[in-house]
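Protein sequences, first through last, are from chains A and B.
Numbers 47 to 351, taken from our numbering, label the letters of the first sequence in order.
Numbers 47 to 351, taken from our numbering, label the letters of the second sequence in order.
In case anyone wonders, no lab produced these hints; they're calculated from the structure.
Predicted model only: the values in this text are computed from it and were never measured.
Among the hints, erroneous ones may be present.
For identical chains, the list gives no copy identity; a pair is met inside one copy or between any two copies.
Listed next, the in silico BS3-like pairs over lysine-lysine satisfying Cα-Cα at most 25 Å (straight line) [what the hints assert, rightly or not]:
1. Lys327 / Lys243
2. Lys220 / Lys239
3. Lys340 / Lys136
4. Lys75 / Lys210
5. Lys110 / Lys349
6. Lys136 / Lys322
7. Lys291 / Lys220
8. Lys136 / Lys341
9. Lys349 / Lys136
10. Lys279 / Lys75
11. Lys94 / Lys232
Number of protein chains: 2
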Amino acid sequence: MSKVVVFGHKNPDTDSICSSIVMANLQTKIRGEEVVPCRLGEINEETKYALDYFKAETPKLIEKVEEGQTVILVDHNEFTQTAEGIENAKIDTVVDHHRINNFHTAEPLSYYAQPVGCTSTLLYELYTLNNVEIEAKYAGLMLSAIISDTLLLKSPTTTEKDKKAVEELAKIAKIDVEKYGLDLLKAGTNLDKYTEKQLINLDAKIVENSGIRCMVAQVNTVNIPDVLKRKEKLEEVINQEIAEKELDLLVFAITDIVNSNSEAIVLGKRTDLVGKTFEIKNNIAVMPGVVSRKKQILPLIEKNM
Amino acid sequence: MSKVVVFGHKNPDTDSICSSIVMANLQTKIRGEEVVPCRLGEINEETKYALDYFKAETPKLIEKVEEGQTVILVDHNEFTQTAEGIENAKIDTVVDHHRINNFHTAEPLSYYAQPVGCTSTLLYELYTLNNVEIEAKYAGLMLSAIISDTLLLKSPTTTEKDKKAVEELAKIAKIDVEKYGLDLLKAGTNLDKYTEKQLINLDAKIVENSGIRCMVAQVNTVNIPDVLKRKEKLEEVINQEIAEKELDLLVFAITDIVNSNSEAIVLGKRTDLVGKTFEIKNNIAVMPGVVSRKKQILPLIEKNM
Numbered sequence: 047m048s049k050v051v052v053f054g055h056k057n058p059d060t061d062s063i064c065s066s067i068v069m070a071n072l073q074t075k076i077r078g079e080e081v082v083p084c085r086l087g088e089i090n091e092e093t094k095y096a097l098d099y100f101k102a103e104t105p106k107l108i109e110k111v112e113e114g115q116t117v118i119l120v121d122h123n124e125f126t127q128t129a130e131g132i133e134n135a136k137i138d139t140v141v142d143h144h145r146i147n148n149f150h151t152a153e154p155l156s157y158y159a160q161p162v163g164c165t166s167t168l169l170y171e172l173y174t175l176n177n178v179e180i181e182a183k184y185a186g187l188m189l190s191a192i193i194s195d196t197l198l199l200k201s202p203t204t205t206e207k208d209k210k211a212v213e214e215l216a217k218i219a220k221i222d223v224e225k226y227g228l229d230l231l232k233a234g235t236n237l238d239k240y241t242e243k244q245l246i247n248l249d250a251k252i253v254e255n256s257g258i259r260c261m262v263a264q265v266n267t268v269n270i271p272d273v274l275k276r277k278e279k280l281e282e283v284i285n286q287e288i289a290e291k292e293l294d295l296l297v298f299a300i301t302d303i304v305n306s307n308s309e310a311i312v313l314g315k316r317t318d319l320v321g322k323t324f325e326i327k328n329n330i331a332v333m334p335g336v337v338s339r340k341k342q343i344l345p346l347i348e349k350n351m
Numbered sequence: 047m048s049k050v051v052v053f054g055h056k057n058p059d060t061d062s063i064c065s066s067i068v069m070a071n072l073q074t075k076i077r078g079e080e081v082v083p084c085r086l087g088e089i090n091e092e093t094k095y096a097l098d099y100f101k102a103e104t105p106k107l108i109e110k111v112e113e114g115q116t117v118i119l120v121d122h123n124e125f126t127q128t129a130e131g132i133e134n135a136k137i138d139t140v141v142d143h144h145r146i147n148n149f150h151t152a153e154p155l156s157y158y159a160q161p162v163g164c165t166s167t168l169l170y171e172l173y174t175l176n177n178v179e180i181e182a183k184y185a186g187l188m189l190s191a192i193i194s195d196t197l198l199l200k201s202p203t204t205t206e207k208d209k210k211a212v213e214e215l216a217k218i219a220k221i222d223v224e225k226y227g228l229d230l231l232k233a234g235t236n237l238d239k240y241t242e243k244q245l246i247n248l249d250a251k252i253v254e255n256s257g258i259r260c261m262v263a264q265v266n267t268v269n270i271p272d273v274l275k276r277k278e279k280l281e282e283v284i285n286q287e288i289a290e291k292e293l294d295l296l297v298f299a300i301t302d303i304v305n306s307n308s309e310a311i312v313l314g315k316r317t318d319l320v321g322k323t324f325e326i327k328n329n330i331a332v333m334p335g336v337v338s339r340k341k342q343i344l345p346l347i348e349k350n351m
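With these hints in hand, go ahead and build the complete structure from the sequences.
Shown next, in the form of structure tokens:
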């Protein structure tokens, strides 16, 4: 029998990777048998910084799961965002902080979700609920995930629970949150080494509603104009993605993590879904105060549907 | 703004009713504002016995929810089993012990599910997690729900958590579990007062998979032949239900709660979904050892699809 595996969503971000490693640690301790952390894509620069800092191994890359395999999902539930073969796997547990959509199981399962800023905030709770002690390394990984998802507790997705978790985890990991947090976020803003195609797919989510397929990609930066120097080539690649993935809309949001603003390249036949809220000029929508895909960009697209 | 409401599934059983009352109590204490227990159908005899015993009010009957209304679901998640208008309500929280299917939300939510025998076992945990003291009345209602769902801890759906909850809740409610439990279950076996149509709908669930619509209804008894005296009239009503609800299969399971067996009247154009596993003679399938719809009857139907 193959081992139980844990993974986050495709195009993994720091939460998906760190939460997989942490959940595997917690579940291994609870079950008394090895649970294996996996990933569904390449590690980004920000995540790499966190794994290096806390000396954590990169999870194993997988593309699909076997029929009947027991799986644990973290940081996602939608089948459009997960491993191939999920329909025939046994979904044992989900820990997530997103809406539930495009998701179903054949049997009862454990599902632990709350509308908080980060999956790792819930994992922090699960350690406590299960009376499992948190080692410094795993505290550091959870801390990194929360800092990443909440942009250092500044995103509108941030809740009191996230703040409390950061406070407690920082003590266990012995970390200066402000300093480490800014270093971590900045590590993710080194975008020069990526091709345009890689940039579009670094942190991208596809959502499908009423037959409309939208992809919202996001990158963090400390200098939006710097990224927009590559606009022409980015647009070319975005249009290829739209054709390949049969998208009605692709929003590529470039988020300034210091000033908490975004500008987005918006292409596809349904740019009106963004255009009804933000003026689009030369394919670019300026979005003051927007930093959260989940809490700000996706809801505005759905509102305009 | 209308108050937050809590309800269980249509054709409510003791778990759906008691868990609604209990969850409303817990949430009222957590939120500091009144949360209202509701129900989506008539109370059965077993549930009535529990409510009378613990002097609990019958929840308010509703059929639909308003647009934008905040709702809490207990003991179910599937939209086929819930109130009308759910697509446009705000689903705030779900506490459940079933698979997830035909369910989605527009926004992140709280979801607390585990594969245990009864929703009230999870509510017992939630009191503890939220440091809310359990009053004897609510302990008694949770106890009743668990006894009902697990047939006094004898159903194969029973887990260690259910047993632990029963033990602790019995202390708080000061109840002799064996004696009260058998009285409660027997109260639900007085089927003479129901019409055949009422019997079919007392505890019925509709599931839909790959375009096949099945309804599985269940009644508890201490004497199966006694119920089967009404076979002819039951079949007539079952065939009406099949036509009205456009069902491909209706299974009416009559469960002997003392000897832990069932016999089922099986009708519809897809009786093969049961017939591949149990021989059907004169529209009746004898099912030795079968007492659980969720753990035994539904999985065998789906396996045969």
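We went through each hint and held it up to the structure:
no. : hint            : verdict
1   : Lys327 / Lys243 : within (23 Å within a copy, 63 Å between copies)
2   : Lys220 / Lys239 : neither (32 Å within a copy, 68 Å between copies)
3   : Lys340 / Lys136 : between (27 Å within a copy, 16 Å between copies)
4   : Lys75 / Lys210  : both (24 Å within a copy, 22 Å between copies)
5   : Lys110 / Lys349 : between (33 Å within a copy, 23 Å between copies)
6   : Lys136 / Lys322 : between (42 Å within a copy, 24 Å between copies)
7   : Lys291 / Lys220 : neither (44 Å within a copy, 62 Å between copies)
8   : Lys136 / Lys341 : between (30 Å within a copy, 15 Å between copies)
9   : Lys349 / Lys136 : between (34 Å within a copy, 14 Å between copies)
10  : Lys279 / Lys75  : neither (48 Å within a copy, 56 Å between copies)
11  : Lys94 / Lys232  : within (12 Å within a copy, 62 Å between copies)
Of the numbered hints listed earlier, those contradicted by the structure are 2, 7, 10.
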